[in-house]
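4 protein chains.
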Amino acid sequence: MSNIRTDLAMEARQIYKDDNNCEVPGVEVTEWEEEEGINVSTVKIIDEVGAKIIGKPIGTYITMEIPGLRHYDADFQDKLSISFAKQLSKIVNIQKDSTAMVVGLGNWNITPDALGPRVVSKLMVTRHLKKYMPNELKAGINPVCAMSPGVLGITGIETAEIVHGTVLKVKPDIIIVIDSLASRSFERVATTIQIGDTGLSPGSGVGNTRMSFNKASMGVPVIAIGVPTVVDGATLANDTLDLIMDKLIEESKGNNELYKMVSSINRDEKYLMIKELLTPYIGDLVVTPKEVDTLIEDASKIIANGINIALHTGVELKDINRYLN
Amino acid sequence: MSNIRTDLAMEARQIYKDDNNCEVPGVEVTEWEEEEGINVSTVKIIDEVGAKIIGKPIGTYITMEIPGLRHYDADFQDKLSISFAKQLSKIVNIQKDSTAMVVGLGNWNITPDALGPRVVSKLMVTRHLKKYMPNELKAGINPVCAMSPGVLGITGIETAEIVHGTVLKVKPDIIIVIDSLASRSFERVATTIQIGDTGLSPGSGVGNTRMSFNKASMGVPVIAIGVPTVVDGATLANDTLDLIMDKLIEESKGNNELYKMVSSINRDEKYLMIKELLTPYIGDLVVTPKEVDTLIEDASKIIANGINIALHTGVELKDINRYLN
Amino acid sequence: MSNIRTDLAMEARQIYKDDNNCEVPGVEVTEWEEEEGINVSTVKIIDEVGAKIIGKPIGTYITMEIPGLRHYDADFQDKLSISFAKQLSKIVNIQKDSTAMVVGLGNWNITPDALGPRVVSKLMVTRHLKKYMPNELKAGINPVCAMSPGVLGITGIETAEIVHGTVLKVKPDIIIVIDSLASRSFERVATTIQIGDTGLSPGSGVGNTRMSFNKASMGVPVIAIGVPTVVDGATLANDTLDLIMDKLIEESKGNNELYKMVSSINRDEKYLMIKELLTPYIGDLVVTPKEVDTLIEDASKIIANGINIALHTGVELKDINRYLN
Amino acid sequence: MSNIRTDLAMEARQIYKDDNNCEVPGVEVTEWEEEEGINVSTVKIIDEVGAKIIGKPIGTYITMEIPGLRHYDADFQDKLSISFAKQLSKIVNIQKDSTAMVVGLGNWNITPDALGPRVVSKLMVTRHLKKYMPNELKAGINPVCAMSPGVLGITGIETAEIVHGTVLKVKPDIIIVIDSLASRSFERVATTIQIGDTGLSPGSGVGNTRMSFNKASMGVPVIAIGVPTVVDGATLANDTLDLIMDKLIEESKGNNELYKMVSSINRDEKYLMIKELLTPYIGDLVVTPKEVDTLIEDASKIIANGINIALHTGVELKDINRYLN
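These protein sequence lines are chains A, B, C and D, in that order. Using this note's numbering, the final residue of the first sequence is 325, and nothing's skipped along the way. Using this note's numbering, the final residue of the second sequence is 325, and nothing's skipped along the way. Using this note's numbering, the final residue of the third sequence is 325, and nothing's skipped along the way. Using this note's numbering, the final residue of the fourth sequence is 325, and nothing's skipped along the way.
Because the hints were derived from the structure by calculation, they are not lab data. Just so we're clear, the structure is a prediction, and the values are computed from it rather than from any experiment. Note that CB positions come from ideal geometry on N, CA and C, so glycine has one too. A few of these clues could be false.
Here are the simulated lysine-lysine pairs, DSSO-like style, with alpha carbons at most 27 Å apart [as the list claims (entries may be wrong)]:
1) D/215 / C/169
2) A/275 / D/215
3) D/270 / C/215
4) B/270 / B/247
Pairwise CB distance ranges, derived in the manner of DEER restraints [claimed, not checked]:
5) C/216 / A/37: 53 to 59 Å
6) A/36 / C/34: 41 to 47 Å
7) C/249 / B/17: 29 to 35 Å
8) C/70 / D/90: 54 to 60 Å
9) B/46 / A/211: 42 to 48 Å
10) C/279 / D/173: 52 to 58 Å
11) B/219 / C/34: 41 to 47 Å
Let's have the full structure, built from the sequences with the hints guiding it.
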């Protein structure tokens, strides 16, 4: 089991596979190219063995990898929204007139943490229209409500308590939570979208007892959508060192002593050593790309439009602006 | 009973008094100059007769009138925060370790409606600190939590439902709601603060069945703080016409015909006529001063600091920045 | 000559025409319905007599009146951008490879004054691309640069000095300035766009000696685009009183005394009386609709896209997003 | 000469010193503890040899290192503003009634690049007051103007051209430019302030021919103030590797082969190898801490207040709010 922090099932599976040269037991993986520039994979965790290795509950995790997401292009962005809606529909499968409640987690004052609130600000919210003017809405528009409850440091209230209190009133059929994630690789920041059907457990596994967002705590199914927006500094250093070690190993073929030395380094131990070495200098440094403002804005558009398309089956992308103000 | 729309008890009382040349029955009024530039009055509604005339529930309404509030000055602003905290304390009277929940009502995307959310963003939120590090906080800091739940058009959820759902979880001892108000006079915009102990009934009296924020609906006392930020267009026209009529009456002393004509106009009927005349041209026009961005910013600072001082008895104005980030 | 403050040539002409029952001498007016919901008129001031009455220099002023502009609809907004581009092209008539410099006037911190900076933030700026990668741009893209110089209160520098200093460096072939205007009618706020070929004279006619933005001061032709975003309080009161007087006159036919009295009021004198009466109460109150945030955002999108289409002849509306980030 | 990118004279000097175990020739360094938590050093480059090694023109560079700057505390922040004003005064030395022009460089849409515009938005701008109401200002207030000209990608105009064009009009006695810097160490991000008397050469040394901001290009002395807000990804990896190598060397004392191998790695070559290895994976990755929004806000307050104090000799920190908006 890896010590390297990641919120992505796909990444945890990759680390295990790289270290052990075999598939994770208790996990089924399917990978395919959805269309040019969009790779999709499904990690199905089928038992507790798999859950323990991946560090996530039994369930299904769809990952979209889109290296081009960072390079803004209106047409590609539209294509992505539609493609994301298609993957989301596999998991959400909303019934006609089911009420969906979308929750944008995170702190709107901290750009790399603001993905959730930004998505919510771009949603087509309709639940109140259904109630007050049912006949004015055309078929295929489902009741959607949305909120950005903030974070504990801003409200003084556990976010899950605000959400659960509201759920008791609204009685939605499904909850979709959106959150910024941490990845172990800079390549994935703002280029990967994960959709999971097991909700979200903030800070799970680090002795943190915060309330979860899942069916057990909320009473209805919780879908989680996440995009990596940060990487911890030790991870960045570690990844680089791996690259260097690979190069050293390659170049040291004739040098038995060095080869043995470098090869013998256990990569998990190495990560812990880096973490330990760095902490006095930079604390628990978490970094984000300089272009974070643009990355968050672009990712939030794609996700918001994808949710709009997936939840309102009678709506096409070109209709969405008509309802949004 | 007047048809002229106002959210201020003081203003409704003034209109009745002007029209009837006597105090409102069922109402007790006290007025004094708190300090230079700050006039305070208390309207105590003591029975249903008074409640019907004022258009508000039985209870106490403190109004601070500060003509100079619009002219930013750091020293005067500090004095105002302290003075506001003093008035607020008369109504809130928080016990040691009581939990207060502050709710900023209104739409953060519409500047004249954003007072509540802006106040909340400047509060000293401490409830989570009390819980996680009780010993690190010095005496006199009470548990305060805060939220800005948005508006129906943004969330698709009745705001009172979000608040009540959260109240059921947090179980505060008192709720303080902050809202932008409508006044019938431009002079009062951003220069008047009303504090009431009966909560808030959005759109009360206009056939609107939205949930109220009061002890009946929330289960705990609800204090409402409001500042006028808008005036409806018909009111502005009406006020001007009153000034003109006064001038005409004054100038027409020798002209019996004209004097009778102008004097005979019923001022409530006149307002309705203006409303009716204007509607085809400007709809339900509601206006705000051009400087609305600055006015909201300044008012929200004073109210936030006043709440900070009133709720945390061990804190002085100069300490507040230390806890705020 | 009217005392009523307006920045719209069309409005000044209307006031004259209403008061004098004839066309303004020295002025030629053409009016037509461009398409459903979009009325256009041209006021051509041909001599100094017309210039004095209208209060603007000899030149051409195109006014688009779009009552529906306030009701957001993505399709209508696109149609408007294209229609606005068509009118603008009549006046701008840009040559291939001419450099245009767009200047967004106004204070970005005051929402009703922020139209210019908002438009600039949505422009397709290309001058630097032409210079650094000429071959990568397809034909039909002209060099456009843009700036929002702020206002005197923010910079401490006359805005025209910043602009002229930059003009001396950039040497554009044409300057387009965008500014928020004052109208005398609330109906026109955010529903009217004026395009003029004589530049802009901030605070002209009120003894203000600030530098102008015109060919004389800048050395190249200056096109001015403006949208009314505010109305002064006295004007609003005055307009209402006009409506009331019209009704009183209508209803007082049998009442000679009253009819004479009301009819005899000179409407310009009345405005001055209102101004004088209101000033002690509200100062020089300037008001804007409560929805100002949305109005400015919508108007700035239409104008920015119209400029993008008019300046880059090889670009269609659907291409614009591709270049904008 | 080092290949490691840094905008800090102090850092370039440190690298040279670490690699060569001696002071940089042509450079004089003084270091002292200004007060608790504030370390100051002066790097005086006295000849071209020193200039070439440090990578900066002959001149004086004051560096303030304040590890505690990241931990917001209102009192410490005030102390810092005053201390920064003291250092700035050593270099600026403004004469009574000299006009200072402050220029906030950088892109306000990219948080880590927005330091300059944020500082400018908090300045006490007075040049226009001096001109329009000279008698209303008390002694000790100097004429200050300020602008945030944007960046080439936003305006399509070389920033130095906008500034120089404005300088020709305003004719200031001194220019102060503020910019975000790149550091080679994460510890320095938002904890170090550099003040230099030689202006700024954007992208100097990398074949970039952009105009400089210095006395030669502007005609008046240019002071540059900068704070590191970003680190390039390769640097972060490199620093970590240095730490690891130090540890390996320490632990490998008995292991001759390994010791020789690790010791023999040239640290500049190592950096280039890392850069080369990383580029295919992350491009020219530049990173910033997750808390970048707060760091920029705090640093801009300290610098703005320091400039306010340094330029207006008759003003104390407590007076500043009175004049600000």
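Hints versus structure:
The straight-line distance between the Cα atoms of residue 215 of chain D and residue 169 of chain C is roughly 18 Å, inside the 27 Å bound, and the hint therefore holds. Annotation: proposed proximity of residue 275 of chain A to residue 215 of chain D is violated, straight-line Cα distance about 46 Å (limit 27 Å). For a cut-off of 27 Å, the pair hint linking residue 270 of chain D to residue 215 of chain C is broken: about 59 Å separates their Cα positions. Annotation: proposed proximity of residue 270 of chain B to residue 247 of chain B holds, straight-line Cα distance about 16 Å (limit 27 Å).
Under the hint 53 to 59 Å, the C-beta atoms of residue 216 of chain C and residue 37 of chain A, about 54 Å apart, fit the expected range. For residue 36 of chain A and residue 34 of chain C, the Cβ-Cβ distance of about 43 Å falls inside the hinted range of 41 to 47 Å, so the restraint holds. As the Cβ distance of residue 249 of chain C to residue 17 of chain B is approximately 34 Å, the hint placing it in 29 to 35 Å holds. Between residue 70 of chain C and residue 90 of chain D, the C-beta spacing of about 57 Å keeps the proposed range 54 to 60 Å intact.
Under the hint 42 to 48 Å, the C-beta atoms of residue 46 of chain B and residue 211 of chain A, about 46 Å apart, fit the expected range. Between residue 279 of chain C and residue 173 of chain D the C-beta distance comes to about 42 Å, which lies outside the given range of 52 to 58 Å. At roughly 59 Å, the beta carbons of residue 219 of chain B and residue 34 of chain C sit outside the given window of 41 to 47 Å.
Hint violations for this structure: numbers 2, 3, 10, 11, all remaining hints satisfied.
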